[in-house]
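Chain by chain, the residues:
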Amino acid sequence: DGGITQSPKYLFRKEGQNVTLSCEQNLNHDAMYWYRQDPGQGLRLIYYSQIVNDFQKGDIAEGYSVSREKKESFPLTVTSAQKNPTAFYLCASSTRTTNEKLFFGSGTQLSVL
Amino acid sequence: GQNIDQPTEMTATEGAIVQINCTYQTSGFNGLFWYQQHAGEAPTFLSYNVLDGLEEKGRFSSFLSRSKGYSYLLLKELQMKDSASYLCAAPLSSGSARQLTFGSGTQLTVLP
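The listed protein sequences derive, respectively, from chains A and B.
Going by our numbering, 106 is the number at position 106 of the first sequence; the sequence numbering is gapless.
In short: position in the second sequence from 1, add 113, done, that's our numbering.
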């Protein structure tokens with residue numbers, strides 16, 4: 001079955017530590033996205049990628065980094081520079097970036113120890 | 114600028130009809146999406162309106178008025194499983210790409 005897979009479901013970060021969230025899709029989608037969701041709030045765009053080896057900052061990129069070495073994979077690293085990382089992180093993909101519906105992964109809940 | 118507003122919470126009774134409104138201000142409008150999100154889960158696509166009018170899909174319908182910057186999601190014959198957050202989203206203009214901007218979501222509680 002085609003889909004988008006995020007792992008892990010839950011992740012804990014110690015202060016000063018970098019952590020990486022995995023996102024893999026087998027939908028053959030060109031575009032991939034990372035969103036952050038805080039309780040009672042909508043989704044905010046962190047980074048997006050329209051094609052392999054290219055990515056762009058979204059609205060809240062500070063303290064985060066990404067890579068897009070393969071079409072199927074778009075990992076997100078939450079660096080120690082992100083001072084308030086506790087949130088629900090959602091990865092998504094689409095066939096192209098303009099007016100196409102998003103397919104979401106099941107999310108990763110990141111908490112700080 | 115780009116902004117999307119929707120009510121924070123709504124409550125309705127099982128079997129009833131509920132309308133969730135969404136207003137937006139965005140340049141270069143090109144379609145509006147509705148997603149459903151259960152707590153701790155991924156959002157799932159419900160509808161996409163690009164032309165004015167009502168689109169019906171079973172118990173769910175979505176309406177758009179581009180001149181008024183207004184949309185609503187209509188849920189009929191409410192079921193307990195419809196208790197979820199409903200997110201309104203529209204593409205914004207950002208450099209060379211157009212990305213979705215999401216509203217904060219409307220948390221719908223369906224009571225027995």
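Incorrect hints may have been included.
Label-pair distances were calculated between CB atoms; the ranges are [unchecked claim]:
no., chain 1, residue 1, chain 2, residue 2, range
1, A, THR86, B, ASN134, 26 to 32 angstroms
2, B, GLN138, A, SER22, 26 to 32 angstroms
3, B, PRO120, A, ARG44, 35 to 41 angstroms
4, A, SER7, B, GLY166, 39 to 45 angstroms
5, A, THR95, B, GLU169, 33 to 39 angstroms
6, B, MET193, A, GLN109, 42 to 48 angstroms
7, B, MET193, A, ALA81, 40 to 46 angstroms
8, A, THR79, B, PRO120, 34 to 40 angstroms
9, B, SER178, A, PRO39, 28 to 34 angstroms
10, A, PRO39, B, ILE130, 35 to 41 angstroms
11, B, PRO225, A, ASP54, 46 to 52 angstroms
12, A, LYS14, B, PRO225, 40 to 46 angstroms
Straight-line C-alpha distance at most 25 angstroms; calculated BS3-like pairs for lysine-lysine [to be verified]:
no., chain 1, residue 1, chain 2, residue 2
13, A, LYS71, B, LYS194
14, B, LYS170, A, LYS14
15, A, LYS57, B, LYS194
16, B, LYS194, A, LYS9
17, A, LYS101, A, LYS57
18, A, LYS71, A, LYS101
These are computed hints drawn from the structure, not numbers from a lab.
All figures in this text were calculated on a predicted structure; none of them were measured in a lab.
Glycine is no exception: its CB is placed at the ideal position from the N, C-alpha and C atoms.
Going back to the hint list, which numbers does this structure go against? Structure breaks hints 2, 3, 5, 6, 10, 13, 14, 15.
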